[in-house]
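Since each chain sits alone in its own frame, please combine them into the complex, following the hints.
Top to bottom, those sequences are chains A and B.
Numbered by this note's numbering, the letters in the first sequence go through residues 677 to 786 in order.
Numbered by this note's numbering, the letters in the second sequence go through residues 533 to 644 in order.
A few of these clues could be false.
[Said to hold, decoys possible] Subject to a maximum C-alpha distance of 25 Å in a straight line, what follows is the list of computed DMTMM-like cross-link-like pairs (lysine to aspartate or glutamate): (1) B:Lys612 to B:Glu591; (2) A:Lys718 to B:Glu558; (3) A:Lys678 to B:Glu591.
[Said to hold, decoys possible] Negatives, chain B to chain A, calculated, CB over 10 Å: (4) Pro540; (5) Val547; (6) Ile585; (7) Gly586; (8) Ser590; (9) Ser599; (10) Asp603; (11) Ser609; (12) Leu615; (13) Ser626; (14) Gln633.
[Claimed, not checked] Short, incomplete list of chain B residues facing chain A, as computed with Cβ under 8 Å: (15) Leu578; (16) Tyr581; (17) Tyr631; (18) Phe635; (19) Pro637.
FYI, nobody ran anything at the bench for these hints, they're computed from the structure.
Idealized CB from N, CA, C, for every residue including glycine.
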Amino acid sequence: QKEVEQDPGPLSVPEGAIVSLNCTYSNSAFQYFMWYRQYSRKGPELLMYTYSSGNKEDGRFTAQVDKSSKYISLFIRDSQPSDSATYLCATHNYGQNFVFGPGTRLSVLP
Amino acid sequence: SQTIHQWPATLVQPVGSPLSLECTVEGTSNPNLYWYRQAAGRGLQLLFYSVGIGQISSEVPQNLSASRPQDRQFILSSKKLLLSDSGFYLCAWSVTSSYEQYFGPGTRLTVT
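Bound conformation, chain B alone (with noise of 0.2 Å):
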């Protein structure tokens, strides 16, 4: 069966220190791999997403970048933090032409 692992859980950061989330898949190849962004009581921000090696596509501009080093893993990044970056970071996984899409338990980060 398919599992998504994310980490750290819980991040508390200051303002203008860098960011490194990453994100597993087992179970599964070349998945599609998502990063979202959930602010309190708002829906779901898609910020990245990727359908193989190095290949990623940004939705919304921001300080955050993402990478995808190997087939199963899925990186987000910050070099300089902002108050605003403060969230609920989900990842997700789904194979092509599927309506399924699996999250991981989601890392909460707080800005500080």
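Okay, chain A solo, but in the shape it has when bound (with noise of 0.2 Å):
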């Protein structure tokens, strides 16, 4: 079983929509969630990162963790053409190296 799974996708949207991109993980022991979009044929960008179970929002995006299920979604509302990337979730816990899922392209089309 791999440590963190997402769905490939790709994903496709209407402008306007809203977005819920998904990872599970195996190791309970991960603490750190994060959240990193990737345009194509660049390096990958924090967008979000949470602490253990809960939700963060910051401006149209928000990340939630559910550790009792090992569950990270990534909301995105009134999704743009330019939120088209792929997002990749990754888990971290302290001394220990980060895990990244395959990540979902998206596609947002106006």
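Encoded structure:
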């Protein structure tokens, strides 16, 4: 079983839609959960992070972690064509390396 | 502010040729440094990480090697490239006890 799993997509939505991106992880020791956005042919950029369970909101983006089910979500409200990218979830625990999911490719159609 | 540089941006090399990719970080001291490879449509594979000068840990056995000759310089090398070495190589840095990891712009390597 992979440590972090993610539906690779592609996921296509119309502009203005609410997007839900999800990951599952297997190691209950993970404490930090991150979402990265990667545009084509660019390096990933840190978008949001959460520590342990709970929600975190930043503008149109909401990150959610449910440690009981080992489930990570990223919601994008009022999606824009500029949100078209690959979204990578990642986990991390102090003293350990970062573990990334394979990424979900999102296309927001104007 | 911190900045991470990688070069070259694009590289096309024949099978059996050597490789040297360089990564430098500015604006921070004693960072943890990482080399990842991202194959088309796949996730990030951690190749090497370093917590200090001369300290390199390898995650995956392969024909690649890494070196850290200076605090903020990380080099990925190979003596003889294989076709399977093609991919997008990313350097990243973080600080100990932080969840934040920052990536460079990447090097796209094509082995022909």
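Legend entry - 10 Å Cβ clearance of serine 599 of chain B from chain A: With a cut-off of 10 Å, serine 599 of chain B remains clear of chain A, as the shortest Cβ separation is near 19 Å.
Inset, instruction - Mind checking the alpha carbons of lysine 612 of chain B and glutamate 591 of chain B for me, to see if they're no more than 25 Å apart? - result: holds, 19 Å
Inset, instruction - Verify the interface restraint on tyrosine 631 of chain B: the C-beta must sit less than 8 Å from at least one C-beta of chain A. - result: Cβ of tyrosine 631 of chain B sits 4 Å from chain A, so the hint holds.
Legend entry - Satisfaction of the leucine 578 of chain B interface hint, Cβ to chain A closer than 8 Å: holds, 6 Å
Legend entry - Satisfaction of hint between glutamate 591 of chain B and lysine 678 of chain A, Cα-Cα up to 25 Å: holds, 16 Å
Inset, instruction - Given the hint that lysine 718 of chain A pairs with glutamate 558 of chain B, test it: the Cα-Cα distance must not exceed 25 Å. - result: holds, 19 Å
Legend entry - Status of the stated non-contact between serine 609 of chain B and chain A (beta carbon gap over 10 Å): holds, 20 Å
Inset, instruction - Examine each Cβ of chain A, and state whether all of them lie more than 10 Å from the Cβ of leucine 615 of chain B. - result: holds, 21 Å
Inset, instruction - May I ask you to test the interface hint for proline 637 of chain B with respect to chain A, counting a Cβ-Cβ separation under 8 Å as satisfied? - result: Proline 637 of chain B check passes; min Cβ-Cβ to chain A is 5 Å, inside 8 Å.
Inset, instruction - Could you check that no beta carbon of chain A comes within 10 Å of the beta carbon of valine 547 of chain B? - result: Correct as stated: the minimum Cβ-Cβ distance to chain A is 23 Å, above 10 Å.
Legend entry - Status of the stated non-contact between proline 540 of chain B and chain A (beta carbon gap over 10 Å): The assertion about proline 540 of chain B holds, with a minimum of 14 Å to chain A.
Inset, instruction - Beyond 10 Å from every chain A Cβ: check whether that's true for isoleucine 585 of chain B. - result: holds, 19 Å
Against the hints set out earlier in the document, violations occur for numbers 13, 14.
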